[in-house]
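Residue numbers (our numbering), protein chains in the order written: chain G, 3 to 654; chain D, 35 to 192.
Check the hints yourself; a few may be wrong.
Stated by the list, open to error - Restricting the straight-line Cα-Cα distance to at most 30 Å, the calculated cross-link-like pairs of lysine-lysine (DSBU-like) are: (1) G:Lys324 / G:Lys172; (2) G:Lys305 / G:Lys324; (3) D:Lys126 / G:Lys107; (4) D:Lys41 / G:Lys591; (5) G:Lys516 / D:Lys126; (6) G:Lys526 / G:Lys200; (7) D:Lys90 / G:Lys4; (8) G:Lys591 / D:Lys90; (9) G:Lys341 / G:Lys374; (10) G:Lys297 / G:Lys283; (11) G:Lys179 / G:Lys305; (12) G:Lys283 / G:Lys419; (13) G:Lys439 / G:Lys419; (14) G:Lys591 / G:Lys172; (15) G:Lys571 / G:Lys509.
Since the hints were made in silico from the structure, they are not lab data.
So you can see what is in the structure, the chains are spelled out below.
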Amino acid sequence: MKIGVFVCHCGSNIEATVDTASVAGTARAFPDVAYATDVMYSCSEPGQDGIIQAVREKGLDGVVVASCSPRMHETTFRRAVERAGLNRYMLEMANIREHVSWIGKDREANTNKAAELVRLAVEKLRRNRALFPKSFDITRRVLVIGGGVAGIQAALDCADGGLDVVLVEKTSSIGGKMAKLDKTFPTVDCSSCILGPKMVDVAQHERIALHAYAEVEEIGGYVGNFEVKIRKKATFVDWSLCTGCGLCMEKCPSRKSHDAFNEGVGLTTAINIPFPQAIPKKALIDARFCRQFLKGKCGVCAKVCPSGAIRYEMEDEVITEKVGAIVTATGFDLFDHTKYGEYGGGRYPDVITSLQYERLLSASGPTGGHVKRPSDGREPRTVVFVQCVGSRDTSVDRPYCSGFCCMYTAKQAILTKDHIPESQSYVFYMDIRAPGKLYDEFTRRAMEEYGARYVRGRVAMIYPKGDRLLVRGADTLMGEQVEIEADLVVLAVGAEAAAGSPALAEKLRISYDKYGFFMESHPKLRPVETNTAGVYLAGACQGPKDIPSSVGQGSAAASKVLGLFSRQKLESDPQISQVNQRRCVGCGKCALTCPFGAVKMIDVRGEPKAEVIETVCQGCGICAVTCPQGAVQLEHFTDNQILAEVNALCQS
Amino acid sequence: MPILAGKELRIVGFLCNWCSYGGADTAGVGRFSQPTDLRIIRVPCSGRIDPLFIVKTLLYGADGVLVSGCHPRDCHYGQGNFYARRRLEALKRFLPIIGVEPGRFEYTWVSASEGQRWQQVVQGFTEQVHALGPSPASAVFGACREIPDEKGGPRVAV
């Protein structure tokens with residue numbers, strides 16, 4: 003075998019702490035290495051051409067690239083090797099950037115380590131063989147999880163692109179957080195006026211099947227062929243009959259139910275349609291408050307319903323959908339401000355969250371769009387906004403910036419002035435973060451046109467004084483203490499991962515960070531892909547995002563799905579398990595352990611033998627370890643290859 | 035190729051591609067500096083790691099072996115790390131029986147986002163192995179290598 007080794011400088015990323023020329027020199031002495039050189043940027047066009055040229059001129063039949071992580075550029079170099087006329091699997095990479103040059107400054111130790119990693123790659127490559135992918139049929143349908151604005155955009159774009167879409171939404175209406183907003187920054191558009199038509203499009207699109215009040219229970223399969231179990235939670239109303247007339251809401255006697263849509267500001271009825279523009283516009287009984295469920299007698303809604311849709315005996319239903327790709331758009335939740343004892347910890351009725359304030363501002367909200375204090379219904383004159391509640395604060399384990407709070411606070415200050423012209427707003431802030439088109443101009447308008455007073459500093463304490471609230475804080479620009487008597491305090495609560503995100507990530511087999519946000523495949527170049535093929539991300543489930551970014555990601559995820567489905571068949575990765583049937587004793591342990599059902603038992607001349615279904619196997623290699631005979635081997639990660647790597651490290 | 039005498043010990047890592055290898059990448063991207071002893075062997079899943087790989091690595095003279103996979107319930111392949119956990123826990127209890135000091139083998143879970151955690155794991159494990167010093171197995175095998183074979187040439191170790 004003739005192997006070529008290419009040691010990349012990566013500009014100064016590697017060369018600064020690794021002597022790449024010396025690594026290439028050392029590599030020339032490794033077995034089967036016919037050619038070794040260092041290159042400035044191996045991934046650049048001249049770099050790749052250099053590899054191709056060397057393969058042709060030196061007659062190489064395998065290539066080792068020592069550069070960045072294979073998770074970054076394995077595909078790039080596989081394509082280059084293929085262009086050179088070799089099988090694309092005759093490539094190995096040594097990760098001498100992320101695992102060497104970037105984590106230490108000792109040039110001698112790094113150079114030695116880099117040469118050893120090249121040695122590992124050479125030993126592995128010597129035992130590689132050419133592999134050829136197989137193609138398999140796919141289900142050209144997509145599942146979108148979450149019906150917020152990102153999920154709506156992804157669903158509409160996929161459906162307009164000709165795909166069948168299954169949209170699953172946890173609550174009884176799509177719309178997500180955006181549906182709760184009164185206006186949006188920086189244009190002060192009416193939120194429901196721009197979102198509402200999109201929601202209607204979802205409802206009316208012939209290619210979108212909407213499952214509201216449903217959750218994903220189980221996900222099996224793999225890219226192209228997922229099987230998803232969806233739990234449709236009991237609504238106690240037959241939605242095929244419900245017309246959304248709202249008569250049941252008028253007559254329902256349980257009028258003290260928690261109003262989740264209005265963030266607990268005001269109360270609603272036990273049977274309710276969350277808001278006038280709800281899609282689907284169907285009623286739902288909250289069994290925690292319904293008299294029929296609590297006391298066993300009432301039945302008013304069943305009596306008044308003109309279409310006889312009420313079903314008290316309804317139970318959850320689990321349905322199965324087959325899809326080929328999944329877009330996750332599960333959004334975010336708000337930080338629980340009661341963790342801050344100094345802001346009252348939820349004890350003062352007139353200290354509310356920004357989203358609760360949004361409901362007070364909204365014409366479809368519990369106060370009909372009149373700003374009233376929750377405690378006594380009086381119109382506030384002085385409103386204090388506190389920024390970074392649950393953002394940029396390590397003491398509550400939320401060190402990140404939620405990104406959009408500066409902007410919505412400016413918007414709310416503007417709206418406060420619009421609603422109550424004689425009011426005065428104060429904003430306590432750490433920094434104004436307004437990086438976006440027309441964003442900084444917008445915050446300036448809040449200050450200059452609408453007279454909101456911005457105080458740079460944190461609030462130390464909020465406590466009641468008579469029927470008002472005393473807000474005590476620091477003005478760090480003036481270097482003095484500030485005390486403001488406020489009628490209403492609005493906390494700009496930050497974003498955190500939606501409740502249940504880790505559990506969903508585990509079902510999807512994708513990674514999540516310590517805060518529960520899902521991990522993208524690459525933070526810059528693959529922002530909506532995950533490392534699990536066929537699973538894409540959109541919106542704030544990946545990290546806090548405002549509406550334009552969420553919509554952008556929804557469309558981006560849809561374009562990825564459409565790209566995936568633009569092929570009639572998908573190619574499977576050939577780095578999969580193979581059974582040596584002469585060694586196989588037919589014990590069937592591999593078939594039992596395989597998480598994908600990719601091993602089937604066949605009959606070979608009366609003997610049971612294992613066989614791998616090539617397009618189903620995902621290449622984890624659990625079976626290879628399970629096999630007591632060593633009959634199952636994972637291509638490119640065979641026992642011999644791994645032990646050869648061990649040998650190279652320990653025995654030479 | 036020898037390790038840097040007096041500075042490094044021979045530490046071999048088996049990392050799953052999806053979580054821990056990514057976590058080590060994240061640590062690199064974040065420039066979280068680490069000791070240089072560790073050499074990482076990439077495998078698709080911690081469930082691919084045969085306990086015998088680890089035994090052989092230790093008997094071949096490694097001073098320490100570190101295995102890392104996805105957090106339980108977060109396996110890219112669904113269940114691989116559950117198999118790994120059973121196998122590795124059994125191995126961990128077995129190693130002292132064949133005379134390997136307990137501190138020379140560890141397994142841990144690091145996700146692709148946990149660059150800083152990976153740095154801590156590598157630092158902690160490297161310190162732990164350095165506290166134990168070079169493995170006696172390497173001396174035994176090293177000595178074996180010195181014994182000439184029947185023809186008088188240097189004997190090649192198994």
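How the hints compare with the structure:
1. G:Lys324 / G:Lys172: With a Cα-Cα distance of about 19 Å, the restraint between G:Lys324 and G:Lys172 holds, given a limit of 30 Å.
2. G:Lys305 / G:Lys324: This hinted pair is violated, its Cα atoms lying about 39 Å apart.
3. D:Lys126 / G:Lys107: Answer violated: D:Lys126 to G:Lys107 is near 34 Å, above 30 Å.
4. D:Lys41 / G:Lys591: violated, 45 Å
5. G:Lys516 / D:Lys126: Cα-Cα ~28 Å, so holds.
6. G:Lys526 / G:Lys200: holds, 29 Å
7. D:Lys90 / G:Lys4: The hint holds at about 29 Å.
8. G:Lys591 / D:Lys90: Since the Cα atoms of G:Lys591 and D:Lys90 sit roughly 24 Å apart, the hinted pair holds (cutoff 30 Å).
9. G:Lys341 / G:Lys374: holds, 25 Å
10. G:Lys297 / G:Lys283: holds, 28 Å
11. G:Lys179 / G:Lys305: Between G:Lys179 and G:Lys305 the Cα gap is close to 34 Å, so the pair fails against 30 Å, i.e. violated.
12. G:Lys283 / G:Lys419: It is violated: about 33 Å lies between the C-alpha atoms, which goes past 30 Å.
13. G:Lys439 / G:Lys419: Distance ~23 Å between G:Lys439 and G:Lys419 Cα, so the pair holds.
14. G:Lys591 / G:Lys172: violated, 39 Å
15. G:Lys571 / G:Lys509: holds, 25 Å
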